[in-house]
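The whole structure should be built from the sequences, with the hints applied where relevant.
Here is what each chain is made of, one letter per residue.
2 protein chains.
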Amino acid sequence: MPNFAQRMLDMEPTAKIIRGLFNAMSDADTISFGGGAPAKEGLPVDIVREICNDVLTTEKRGMEALQYGSVLGVLDLRQAVADVLLAPKGMQASVDELLIVNGGLETMNLLCQVYINPGDVILVESPTFVHCVEIFEMFQAKCIAVECDADGMQMEDLEEKIQQYHPKMVYVIPTFQNPTGKTLPTERRKKMAELGSQYDVIILEDDPYQELRYSGEVLPPIKCFDQTGHTVYANSFSKIFSPGSRLGYVYADKEIIIRLFDAKTATNSHTSTLAQVICAEFFRRGYYPEHLKKICAIHRERRDAMMACIEKYFPEGTKKVYPDGGLFTWVELPGKINTTELLKEANERKVHYIAGEGFFVEGNGKGQNCMRISFGNVTPEQIEIGMKRLGDLICSK
Amino acid sequence: MPNFAQRMLDMEPTAKIIRGLFNAMSDADTISFGGGAPAKEGLPVDIVREICNDVLTTEKRGMEALQYGSVLGVLDLRQAVADVLLAPKGMQASVDELLIVNGGLETMNLLCQVYINPGDVILVESPTFVHCVEIFEMFQAKCIAVECDADGMQMEDLEEKIQQYHPKMVYVIPTFQNPTGKTLPTERRKKMAELGSQYDVIILEDDPYQELRYSGEVLPPIKCFDQTGHTVYANSFSKIFSPGSRLGYVYADKEIIIRLFDAKTATNSHTSTLAQVICAEFFRRGYYPEHLKKICAIHRERRDAMMACIEKYFPEGTKKVYPDGGLFTWVELPGKINTTELLKEANERKVHYIAGEGFFVEGNGKGQNCMRISFGNVTPEQIEIGMKRLGDLICSK
Numbered sequence: 062m063p064n065f066a067q068r069m070l071d072m073e074p075t076a077k078i079i080r081g082l083f084n085a086m087s088d089a090d091t092i093s094f095g096g097g098a099p100a101k102e103g104l105p106v107d108i109v110r111e112i113c114n115d116v117l118t119t120e121k122r123g124m125e126a127l128q129y130g131s132v133l134g135v136l137d138l139r140q141a142v143a144d145v146l147l148a149p150k151g152m153q154a155s156v157d158e159l160l161i162v163n164g165g166l167e168t169m170n171l172l173c174q175v176y177i178n179p180g181d182v183i184l185v186e187s188p189t190f191v192h193c194v195e196i197f198e199m200f201q202a203k204c205i206a207v208e209c210d211a212d213g214m215q216m217e218d219l220e221e222k223i224q225q226y227h228p229k230m231v232y233v234i235p236t237f238q239n240p241t242g243k244t245l246p247t248e249r250r251k252k253m254a255e256l257g258s259q260y261d262v263i264i265l266e267d268d269p270y271q272e273l274r275y276s277g278e279v280l281p282p283i284k285c286f287d288q289t290g291h292t293v294y295a296n297s298f299s300k301i302f303s304p305g306s307r308l309g310y311v312y313a314d315k316e317i318i319i320r321l322f323d324a325k326t327a328t329n330s331h332t333s334t335l336a337q338v339i340c341a342e343f344f345r346r347g348y349y350p351e352h353l354k355k356i357c358a359i360h361r362e363r364r365d366a367m368m369a370c371i372e373k374y375f376p377e378g379t380k381k382v383y384p385d386g387g388l389f390t391w392v393e394l395p396g397k398i399n400t401t402e403l404l405k406e407a408n409e410r411k412v413h414y415i416a417g418e419g420f421f422v423e424g425n426g427k428g429q430n431c432m433r434i435s436f437g438n439v440t441p442e443q444i445e446i447g448m449k450r451l452g453d454l455i456c457s458k
Numbered sequence: 062m063p064n065f066a067q068r069m070l071d072m073e074p075t076a077k078i079i080r081g082l083f084n085a086m087s088d089a090d091t092i093s094f095g096g097g098a099p100a101k102e103g104l105p106v107d108i109v110r111e112i113c114n115d116v117l118t119t120e121k122r123g124m125e126a127l128q129y130g131s132v133l134g135v136l137d138l139r140q141a142v143a144d145v146l147l148a149p150k151g152m153q154a155s156v157d158e159l160l161i162v163n164g165g166l167e168t169m170n171l172l173c174q175v176y177i178n179p180g181d182v183i184l185v186e187s188p189t190f191v192h193c194v195e196i197f198e199m200f201q202a203k204c205i206a207v208e209c210d211a212d213g214m215q216m217e218d219l220e221e222k223i224q225q226y227h228p229k230m231v232y233v234i235p236t237f238q239n240p241t242g243k244t245l246p247t248e249r250r251k252k253m254a255e256l257g258s259q260y261d262v263i264i265l266e267d268d269p270y271q272e273l274r275y276s277g278e279v280l281p282p283i284k285c286f287d288q289t290g291h292t293v294y295a296n297s298f299s300k301i302f303s304p305g306s307r308l309g310y311v312y313a314d315k316e317i318i319i320r321l322f323d324a325k326t327a328t329n330s331h332t333s334t335l336a337q338v339i340c341a342e343f344f345r346r347g348y349y350p351e352h353l354k355k356i357c358a359i360h361r362e363r364r365d366a367m368m369a370c371i372e373k374y375f376p377e378g379t380k381k382v383y384p385d386g387g388l389f390t391w392v393e394l395p396g397k398i399n400t401t402e403l404l405k406e407a408n409e410r411k412v413h414y415i416a417g418e419g420f421f422v423e424g425n426g427k428g429q430n431c432m433r434i435s436f437g438n439v440t441p442e443q444i445e446i447g448m449k450r451l452g453d454l455i456c457s458k
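Protein chains in written order, with this note's numbering: chain A, 62 to 458; chain B, 62 to 458.
Possibly wrong hints are sitting among the right ones.
No copy is singled out in the list; a pair is fine if it fits within one copy or between any two copies.
[To be verified] Below are the DSSO-like pairs computed for lysine-lysine, each with C-alpha atoms no more than 30 Å apart in a straight line:
no. : residue 1 : residue 2
1   : Lys121    : Lys101
2   : Lys397    : Lys252
3   : Lys77     : Lys315
4   : Lys251    : Lys315
5   : Lys405    : Lys315
6   : Lys427    : Lys101
7   : Lys150    : Lys405
8   : Lys380    : Lys252
9   : Lys150    : Lys355
10  : Lys355    : Lys397
11  : Lys251    : Lys203
12  : Lys77     : Lys373
13  : Lys77     : Lys380
14  : Lys121    : Lys355
15  : Lys449    : Lys121
16  : Lys222    : Lys252
17  : Lys427    : Lys150
18  : Lys121    : Lys381
19  : Lys449    : Lys251
20  : Lys405    : Lys427
21  : Lys77     : Lys150
22  : Lys411    : Lys121
23  : Lys354    : Lys411
It is worth saying that the hints were derived from the structure and are not from the lab.
As C-alpha cells, this is what we get:
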C-alpha cells in the first residue's frame, strides 16, 4: 500500500492518546469522569422535538432544512450568534464575520488550514487540550508550552516565548480551561490581545465553556480587547445546546473569514442545514435564557458534589482547582502516584478519569501525578460512588 | 496580519471559481441549471418529521441523538450502509470498514489528510469535479488530467500516466460523472482496480450518483474488483436522502479506516449524531426502496425534459451527453461560443449554468465552448422556459 502522508506520522503519538480516549468509555458499569460531555439530563430533547415538528410541517422550511445551504451557515443562526451570544459579551459582530462550523473543534482545523505551514510554532497552555494538540500536529506545527500558574498563562513567559519562537498562533482556552478548569483574569486577557497585535500573532481564543458559569463574575473575552483583528474567537453549541448536533462558530475579521470560507468548502462544503435550522429556532423562540439557567443549575450541583468528594475521599496534600464553571477540575496527587499507571486499576474498580500526562506538550513527564476529572455527565450520586472508589484506590497506595 | 499558509495561495485560482459558484445562485427569478442539488420536491420532509417525533419522544434515544457520538459513526447507520447500500452491489463491508462523514466531499478531504504530501500527483478525469480539485489543491497535490472519451477515462492513457507520474491517487466518478453525466463501462472498472493494485496507487472511487439510475443496466462499482484494498469507495446520502443532513460514508480497508479515524478526530471529532440517527431510522423503517423509486421518477422526467429541450432549442451541431442517471448533462456548443463570456448575458436573461472551462485542470482553454447543465432541482416547466431562454441566446450568436 502507498505510504501515508508525513503528517500522519508526525501526529501518531498524540493520535494514539486520542484513540485511547475515544475507545475508553464503553463499559456501562463504569462511572466515567473521563469525557467532556455535558449532562445528558440537560439536553433539550423536548424542545428539539417541538421545533422539528413545526419546521418540518411547513413545506418550504422543511425543504430548506433538508437541502444544501450556505457555506457561512444559516443566516438566522449567524444572526442569533451575533445578537444573543456575542453582543451581550461586548462583541459587535456582523453576520459576515461569522462562520458556522461542524462542532467547535472544526474551527481549530480550519484556522490551521488558513495559517499553518509545517514547522510553524503554536504556543499553548501548560497543560492544554490534547485534542487540539492532535489537530495542530496534523498540520505539522510545533507546539510549545507557555508557563501557567493558578490563573492560567503567565504573560511574562508568553511575551518571552513570542520573542524567542516567533509563533504564528497562540492557542488559549481562557475560561474554565480544559483540562484544568482555570480562568484567565481580565488584565491578562487584555494583555494577550495587545501582545497579538504588537507581535503580529494570531490569538486563537477557544471559549466553549464561557456560558457555563456557576460562581464568580463574568469576564470579557480576549476578543473584546482586540483592536487589530489578530484575535479569532471560537465557540461551540455543544455545551449550551447539544453536542450531537455538531455546531460551533467562529468570529473573525472578514479577511480571515474569506479564507475560512475557502477552507470550509474544501473540507465539507457546509455544516448540517437541519441542525442549524433547529438551533436557530431554539434561539428565535427565546428558549435559551431559561435553558441556560437549567443546565447551569444541574452542573453547579455536580461541581459542588465533586469538590466535596475530593475533600472527603482524596488523601491529604491533594491539590485541586476550584472551577467557577465548565465541566472539569484538575487534581494533583501528593507523593509519587503515577496516574497513567493507576488508571488500569481504577478501570478494574469501575471508575474512569483522564491521566494528566497527555495534556502536556513538554513531554518531560510533567503531570504524571495529575488527573482531569469531569463532572459534566455524572449525577451527584454517581460522583459520590465513583469518587469513593477512586479515593479508596489512591489512599491504598 | 500574519501570512496565510502556502496552501491557501496554491488553491486560490480554484477557490476563486468555487466562491463564484456559491455566490451565483441568489436571484429568485433566475432559472438555475447551475448547482448540483437534487429535486427539493423529492426531499423526505414528512418522513423526517415522523422519525424526529418518534426518536425524540423516547427519552434515552433522544438524549443519545443530542449527545456526543462515535468517531466512526452511529452503528445503526453503518450497519444500514453495509446491508442496504453495499451488499446488494456486491460489496461485503463490515461496520469497522466504514466511516460516516459530514457530507460526501469530506471523504476527499480526509483521504488527502491520510495520503497526500505536497507535490504528490493525483490523476483526475478530463473534465473533473472542480470542487474536489479545490480540495486536492488545498493539500498542494498536483492534479493531472487523464484523457477521456464518451465512456470516461481511457485506460491506455491512465496506465501511461501512472507510469509517467507515479501518482499517489486516481480520482474518478465512475457513474453519471460530474460534470459530464458519463458512465465508465464494466471492463474499464475492472481494469482500473487492477491498475491500482499493480502500480500501488489508491483508486478513489466517488460514487454519489450511483443510485439515481433512470435507464440502462446497473454496473458494479470499481471496489467490487479490488483484490488488494487499493480502492477506496466514497458515497453520499445527499442525493438519496437529504443534502442538508450532510451525511456521507467511506468504505475502505481497516488499515486506512484507522488513519481516517485519526484525520476525522482532528477535523471535527465526528458527524452530527442527530442527522445520523434520523438517517439510520429512515433505512431501518424500510422507507428507502419506495423513496428511491419516487426520486428516480422525478429526476427521470426532468432528464427527459432537459434532453428534449436541448434538441429543440440548441443550435444544430450541439453535442450532448445522454446521462442514464444522476443530475447533469454536458453540452458542447458548435462554433466559437465562449460559455464563460456567455454566462453574463445568460444571467441577464435570468438563466444560469456552469461554464465548462473550470472543470479542466489542463488550463489550456479546454472546454471553453462547453457547459454543465443540471436538471436536478428544476421542474419540467422551468426546464422548458429556461432552456428556451438559453437556446435563444446561443442561437443569436
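Going through the hints against the structure:
Taking the shortest Cα distances, Lys121 and Lys101 sit within 30 Å of each other only across copies (9 Å), while inside one copy they are farther apart (32 Å). In this assembly of identical chains, the alpha carbons of Lys397 and Lys252 never lie at most 30 Å apart, being 37 Å within a copy and 62 Å across copies at closest. With identical chains, the CA atoms of Lys77 and Lys315 are at most 30 Å apart between copies only, with a shortest distance of 16 Å across copies and 36 Å within one. For the homomeric pair Lys251 and Lys315, the shortest alpha-carbon distance inside one copy (22 Å) is at most 30 Å, but the shortest distance between copies (48 Å) is not.
In this assembly of identical chains, the alpha carbons of Lys405 and Lys315 lie at most 30 Å apart only when taken from different copies (27 Å versus 48 Å within one copy). In this assembly of identical chains, the alpha carbons of Lys427 and Lys101 never lie at most 30 Å apart, being 33 Å within a copy and 56 Å across copies at closest. Taking the closest pair of Cα atoms, Lys150 and Lys405 never come within 30 Å of each other, the shortest separation being 43 Å inside a single copy and 44 Å across copies. In this assembly of identical chains, the alpha carbons of Lys380 and Lys252 lie at most 30 Å apart only when taken from the same copy (28 Å versus 65 Å across copies).
Taking the shortest Cα distances, Lys150 and Lys355 sit within 30 Å of each other inside one copy (20 Å), while across copies they are farther apart (49 Å). Proximity of Lys355 to Lys397 under the C-alpha cut-off of 30 Å is found in neither arrangement, the shortest distances being 40 Å within a copy and 67 Å between copies. Taking the closest pair of Cα atoms, Lys251 and Lys203 come within 30 Å of each other only inside a single copy of the chain (26 Å); across copies the shortest separation is 44 Å, beyond that limit. With identical chains, the CA atoms of Lys77 and Lys373 are never at most 30 Å apart, being 34 Å at best within one copy and 61 Å at best between copies.
Within a single copy, Lys77 and Lys380 get their C-alpha atoms as close as 28 Å, which meets the 30 Å cut-off; across copies the closest is 54 Å, which misses it. Only between protomers do Lys121 and Lys355 lie at most 30 Å apart by alpha-carbon distance; the minimum there is 19 Å, versus 33 Å within a single protomer. Proximity of Lys449 and Lys121 under a CA criterion of 30 Å is satisfied inter-copy only: 27 Å between copies versus 55 Å inside one chain copy. In this homomeric assembly, Lys222 and Lys252 come within 30 Å of each other (Cα to Cα) only inside a single copy, at 15 Å, whereas the closest approach across copies is 56 Å.
In the homo-oligomer, the alpha carbons of Lys427 and Lys150 never lie at most 30 Å apart, since the shortest distance is 35 Å inside one protomer and 53 Å across protomers. Taking the shortest Cα distances, Lys121 and Lys381 never come within 30 Å of each other, neither inside one copy (53 Å) nor across copies (34 Å). Proximity of Lys449 and Lys251 under a CA criterion of 30 Å is satisfied in neither setting, with 41 Å inside one chain copy and 61 Å between copies. In the homo-oligomer, the alpha carbons of Lys405 and Lys427 lie at most 30 Å apart inside one protomer (20 Å), although the nearest pairing across protomers, at 62 Å, exceeds that limit.
Taking the shortest alpha-carbon separations for Lys77 and Lys150, neither the intra-copy value of 38 Å nor the inter-copy value of 35 Å comes in at or below 30 Å. Within a single copy, Lys411 and Lys121 get their C-alpha atoms only as close as 50 Å, which misses the 30 Å cut-off; across copies the closest is 22 Å, which meets it. In this homomeric assembly, Lys354 and Lys411 never come within 30 Å of each other (Cα to Cα): the closest approach is 32 Å inside a single copy and 50 Å across copies.
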